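Here are the chains, one letter per residue:
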Amino acid sequence: MRSVISLRRRERRAGADRPDYAPSRLAYRAERLWLTPSVRRIVRIGLPLVLLGGALGGYFADTGRREAVIAEISEMRSAFEGRPEFAVNLMSIDGASPAVAAEIRDVLPLHFPVSSFDLDLEAMRQTVRGLDAVAEAALRIRPGGVLELRVVERVPALIWKHAAGVDLIDASGAFVAPLAMRGGQADLPLIAGEGAADHAGEAMALLAAARPLGARVLGLVRIGARRWDVVLDREQRILLPETGAVEALRRALALNAAQDMLERDVATVDLRNPQRPTLRLSQDALAEYHRITTLNTRAGQ
Amino acid sequence: MIELYQSQRAMRAMRKAAMQRGVVAILDIGTSKVACLVLRFDGAPEVPEGEGVGSLAGQAGFRVIGAATTRSRGVRFGEIEAMGEAERAIRTAIQAAQKMAGIRVDHAIACLSGARPRSYGLEGRVDIGGGEVREQDVARVLAACEVPDLGEGREVLHAQPINFALDHRSGLSDPRGQIGQDLATDMHMLTVDATAMRNLAHCIKRCDLELAGIASASYMSGVSALVEDEQELGAACIDLGGGTTGVSIFIRKHMIFADTVRLGGDHVTSDISLGLGIPMANAERIKTFYGGVVATGMDDREMIEIGGETGDWELDRRTVSRAELIGIIRPRVEEILEEARARLDAAGFDHLPSQQIVLTGGASQLPGIDSLAARILGQQVRMGRPLRVQGLPQAATGPGFAGAVGLTLFAAHPQDEWWDFEIPMESYPARSLKRAMRWVRENW
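Quick mapping for you: the protein sequence lines, in order, are chains A and B. For the first sequence, numbering that gives the first Met the number 0 gives the first residue as 0, with consecutive numbering after it. For the second sequence, numbering that gives the first Met the number 0 gives the first residue as 0, with consecutive numbering after it.
Among these hints, one or two may not hold up.
[What the hints assert, rightly or not] Short derived list, chain A residues pointing at chain B, Cβ under 10 Å:
(1) R24
(2) A26
(3) R28
(4) L34
No wet-lab data here; the hints were simulated from the structure. No experiment lies behind these values; they were computed from the predicted model shown. The beta-carbon is built from N, C-alpha and C at its ideal position, and this holds for glycine as well.
So here's chain B without its partners, still in its complex pose (with noise of 0.2 Å):
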């Protein structure tokens, strides 16, 4: 656990020095495409005082000064694939942002929308006697939590204290200062791949940026996506992206589930080029112009020419009805959405108060997802785009932006983590205290 303070940490510094330097880029990498945005944060944002006004005020304390997005290359199912793609497109976002910002940025802070994540829900109980809680209490509490076996090659990427308890009290989300008796915590775990990791780490570092955190895409999109009451009440955000698509659910500002599915886009634009016999450039032109999961009766008569550059022109020539793309995307679509309800079962949506679901990511803008959406998932169905930010260009406001948006939130405002807290003093390792008493005794 020590091992994972001191990374983490290390982060978290890193990002303070970031917000210190006042520039730092925002690195959304996905499978079809790799979005960069270059915040510039300017001191501390005046925040109007008032009712309504709450953690959303986080956004007016900083400003989107570039943004490029381009092609992704070298990402399969959210992760690094191969190395020198990803990195070249990776400089070439970055160049791009850079270039439209003016300024260089050093630090990045990234997401990771693949890597298998997996939820974990800890809790952990100390007695304080009676006194008031203080930071060292929860620190303690937290360290009390009870961690399962993560796993071969497993790293932690997110833990973060959603609920404390004090003596049959529940439900308090700051119990400092407080008299009690008996401090317990609820502790969300997620965990992630350690090679798809620290692969993304490495290309960043390959691209001369240091790392400023790292966060679950799927977690991203949500926060960006969900708005303000249905993160309080419970809703999930279901991120249709291009390689896989994230499931997070939220209840009273906490993200407290996150997987993925590795289907997306990209799979029914597979499809569409292996039904059709067409190039993937093709598929995915007649998916974005032509695409749809419901078919009417006018759709039979609407001919689309499929193309093509094989030369052949009978083969090139050929037109397929837009009700036979329809019949293509669609189970595709079908079988993606019944996998993130099958999440969503899994996780226990069903026994949330409020069953809001936001659909948002790029294969949300298929039309009539909306409605094939509420007869797999429930009626409570919304299509969702990320909040507005201060200077995000237009044509960054669409729903495949979510999670690239979600990060500039978190980058301003991070959810506090187990790691934020003190380490408690009991499990310093016992070397390291002597090693630390040495000093005291040679330096003083």
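So that you can see chain A by itself, here it is in the shape it has in the complex (with noise of 0.2 Å):
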């Protein structure tokens, strides 16, 4: 009995004179564990994050040092903004005529100088493009703080008379400008009638194919909102039906052509039904018609 009262005395007294090399219950469970590899990834992973969380979040949770944090943020961000590297000193307008430009710095209120980022080039390019005169607006920021604009101004192309005034249209019959404000433009084809800035394309292929007659041609009207009429001068018209305008009106160029028929005394070339063109005669040669009709009849009998 004496070796186990002994042994277990040397166990008691393990870590005094000779210590075990042996671990211990508690430490061989506690490296067990340890090496198990969830709790591994709990500890080296999970913990850090929840502490980290926390520690965030506790610091958060008073108003005024989110506050303070926020405030240095933003005082930062607005030193970094602020420096000259990114300031914007002025505006290039190109491709614009001076009146365009005027208008252009007039919808732009910017302040010279201005940090490049607080400029939202997006915007400020539909804002210039929402300007009448303006086809196409390109807008980038040159090294050296120049806000570089180009800009495809809108070239008018016919004068569109119509219940509230006179306007300049462009080729696709968007608005440029009242005809009042540009001068008179009387070299450019005149259209008129409901609607007709809508049709402006088919407008210029008439125009166009119109353009054996010269001179004589006064412009287009549209009519009923629906289709054209071809106004000369010695008020002639040529109507033209709603489809097919173009070939009726090459059609009656054609006739032109072959028999003079707009130089004759004719007041309407009537093309609506493609079928059955009439023509209609004025006054004078209507009345002169019956004259030489009955002249024959007479001489017939």
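If you follow the hints, you should be able to join the two separate chains into one complex; please do so.
Here it is as structure tokens:
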């Protein structure tokens, strides 16, 4: 029995005289727990995350601190944006006439110098494009603090006379300016009538087709917002159908070329029904016609 | 027999669970050292097809990822003598191996080196009525084996069918699917002391590990130290351990006999200690550095300082010649080998076609032991080292690790045991059948 008792005593004093190299049961279990992959993952990844999250959450739970940090960040941000490297000092406008350039400067309220971070180029481009006289606009910030604006202006192609006044429109029918503002541009063809501007493309095609008539063409009139009339001098008119207006006009011009139709005393060439072109004579011509026909019948008798 | 089935099957299920988990610890609890290897199983290995790639290729399925050895404590003759001490030694080894592996292990496969194993050859015979041999018939013939009286406090450790015979055709390794009338089997059964086995199981349980298998150490060192053709043609493995010397005989890749001699290297050390009057630690050191079994003229002149810690200068500065040391070691080694020879003779090793004997175990590293063994055991003696398995550290490739390496192979490829087959229907007790019927009636 002595040996067992002494053994036990030695066990108890193991730490005192000669440390036992064997791990204690507690140390052994702790080591095994630590070597469990899930525990290891939780301690090495989960715990730091939770601690970090807790610390951050605890810090920002206070409103004053949160606002201070936000203020600090915005201050740093504005300090950075305000650096001279990002300043834009002037705007150059290319491709615009002085009147349009003045208008652009009007709609873009910029107070130079301004930081390039504060410029919303896309919005500015949309604003500039929103101007009537501008067809296309491109914006960029050039090195050296220059805001470069390239503008393609709308080119007025037609004069549109309507109830509200006389306007210049471009080939696509978009409004460019009132005629009065741009000075008399009498060299442009004239169109009139309700909804004429919406069919400016067709009007351009018709005008191109009517070029053989030269200066005789006074303009085009949109009738009933649905078809075109070509108005010539000497109060002549060519009435065109709703569809195939250009072909109908070409046919009329062919007739004209062959028989000098429009040189005669004709009031209206009615091509509205393509199967049945109709001519209307003027009052005098009609009377003359009747006189000649009755003369002929009498002579025949 | 039913209890045996249940306990062994529980162990098998545990082994399967461990394989599923992929990590299992190998524990070789010896008298002089406790070795722990941590194995990782990663899926089915790619075994190349071809001639000569046999069961040994099974070692490709796992990898040793942790290994640790520590001095054994509380173990004598391969049996646990002081539970707390042994537990500490196991904990030390497990912890170090786990640390090296970087992962915890929950299952352990252990080997039992002592516990007085006893081998039995059993024979069973059934009539299968001229049909095809089915799994059920194999189970029946195994159950038909006559089990001798094992004695008080004995437990079956291994029960392996080693041969099947079908109508005078013997030597079948797998009779299933063959047609015959009379199925017979030979079975090798190994029993051990139940208390030693239970102590080991309990000790492992105290270390928070689940026991996933238990095997005889003599068997395990034979598995790792004998090469495949030796196992096939017949050979004996003698595992010279610290406290015990294991003897196992293999033929046709089956163990047919295993025994232990309760003598080992520790007895040599204690002889030196006693003979020279020095502490055990010094004796062990002198044995490993200067030990030998064949004296030459040179050894008379080689003086060894034997040291001591008594404080008496004269006593602590003694020297002995190496010849004297060999004079102490040799009789004991002779005794051990003769004892092993006696066990082999008792098993009828003389009648085996091949007389190959392989020496392994820590004590087999004694210089000159092969020539001494050749004189005692016969001419065909060689020194055996364990098979190389993947990932095994250099420090654990010595002959002292034959048992541990054998256990790794056993863990990967266990031998079919009796309880791996289905229990034949008729051997169920009637009561449990009734209980099953009642369960079916209540639940369906």
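Results of checking the hints against the structure:
no. : hint : in the structure
1   : R24  : holds, 7 Å
2   : A26  : holds, 8 Å
3   : R28  : holds, 7 Å
4   : L34  : holds, 4 Å
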